[in-house]
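Peer 1: Sequence:
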Amino acid sequence: MDLLITLIGNAAVDPGFRELFLCDPLGTADNYGFRLTKGDFQIMTAMFTNLNDEERTSLENAFKALENLLYGKMENAALTPPPRTKCTKPCTLSLYPPRVLPKLREIIDRQTDGSEEATAAA
Numbered sequence: 142m143d144l145l146i147t148l149i150g151n152a153a154v155d156p157g158f159r160e161l162f163l164c165d166p167l168g169t170a171d172n173y174g175f176r177l178t179k180g181d182f183q184i185m186t187a188m189f190t191n192l193n194d195e196e197r198t199s200l201e202n203a204f205k206a207l208e209n210l211l212y213g214k215m216e217n218a219a220l221t222p223p224p225r226t227k228c229t230k231p232c233t234l235s236l237y238p239p240r241v242l243p244k245l246r247e248i249i250d251r252q253t254d255g256s257e258e259a260t261a262a263a
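My numbering runs 141 ahead of the 1-based position in the sequence shown.
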């Protein structure tokens, strides 16, 4: 169940990952190297595959709302342990994209280089 929770959590904090995950959850899990249990596979298949447009939009909105809430909490200085570091989008604690997704890697690599363009592009 931990891997499925990681996938769902990553979809909440990384918009690029979220788009891939909602379009092709099984392919995204494979591309990122997740070895799901049979139970995780069954739950993910039941919850995230064969979505109609309304279901996909509803999930996208729910993930965006969770993302906004989480980033808002992280930005609250009272809840951030010292020294306070700025949280970037996608979250630095989200999964690093695999080699088969070079475009997402480029975005994250530019962010870690401190490039202002990367932040504007994301």
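It should be emphasised that the hints constitute simulated quantities derived from the structure, not laboratory data. The beta-carbon is built from N, C-alpha and C at its ideal position, and this holds for glycine as well. A hint or two may mislead.
[Unchecked claim] Below, a list of computed lysine to aspartate or glutamate pairs in the DMTMM-like style, where the Cα atoms sit at most 20 Å apart:
#, residue 1, residue 2
1, K179, E195
2, K230, E201
3, K179, D194
4, K179, E208
5, K244, E160
6, K244, D171
7, K179, E201
8, K205, D165
9, K230, D250
10, K244, D194
11, K205, E160
12, K205, D194
13, K230, E195
14, K230, E160
[Unchecked claim] Computed beta-carbon distance windows for the label pairs:
#, residue 1, residue 2, range
15, K179, M215, 16 to 24 Å
16, Q183, D250, 16 to 24 Å
17, A187, E247, 20 to 28 Å
18, D250, M142, 28 to 36 Å
Peer 1: Take the hints in turn and mark each one as holding or not.
Peer 2: Results for each hint:
With a CA separation close to 28 Å, the supplied pair K179 and E195 exceeds the 20 Å bound. Our distance criterion of 20 Å between C-alpha atoms is met by K230 and E201, whose separation comes to about 16 Å. A threshold of 20 Å between alpha carbons decides the hint, and for K179 with D194 the separation of about 27 Å lies outside it, so the pair is violated. In summary, the hint linking K179 to E208 is not supported, as the alpha carbons are separated by about 28 Å, beyond the 20 Å threshold.
For the given pair, K244 sits about 13 Å from E160 by alpha-carbon distance, which is consistent with the 20 Å threshold. Between the alpha carbons of K244 and D171 the distance comes to roughly 17 Å, so the proposed pair stays at or under 20 Å and holds. Distance restraint check for K179 and E201: the Cα-Cα separation of roughly 25 Å exceeds the 20 Å cut-off, and the hinted pair is therefore not satisfied. Restraint check: the Cα-Cα separation between K205 and D165 comes to about 18 Å, which is no more than 20 Å; the hinted pair holds.
For the proposed pair K230 and D250, the alpha carbon gap of about 12 Å is at most 20 Å, so the pair holds. Note on K244 and D194: the hinted pairing is violated, with a Cα-Cα distance of about 26 Å set against a maximum of 20 Å. Proposed proximity of K205 and E160 is supported: the alpha carbons are some 11 Å apart, at most 20 Å. The straight-line distance between the Cα atoms of K205 and D194 is roughly 16 Å, inside the 20 Å bound, and the hint therefore holds.
Pair hint K230 plus E195 does not hold up; C-alpha atoms about 26 Å apart against a cutoff of 20 Å. A hinted pair counts as satisfied when its Cα atoms are at most 20 Å apart, and K230 with E160 qualifies at roughly 14 Å. Between K179 and M215 the CB atoms are about 34 Å apart, so this pair departs from the stated range of 16 to 24 Å. Distance hint check: the CB atoms of Q183 and D250 are about 35 Å apart, inconsistent with the given range 16 to 24 Å.
The hint said 20 to 28 Å for the Cβ distance between A187 and E247, and at roughly 34 Å that hint is violated. At roughly 31 Å, the beta-carbon separation of D250 and M142 lies within the given 28 to 36 Å, and the hint holds.
Violated hints, listed in ascending order, are 1, 3, 4, 7, 10, 13, 15, 16, 17; each of the other numbered hints is respected by the structure.
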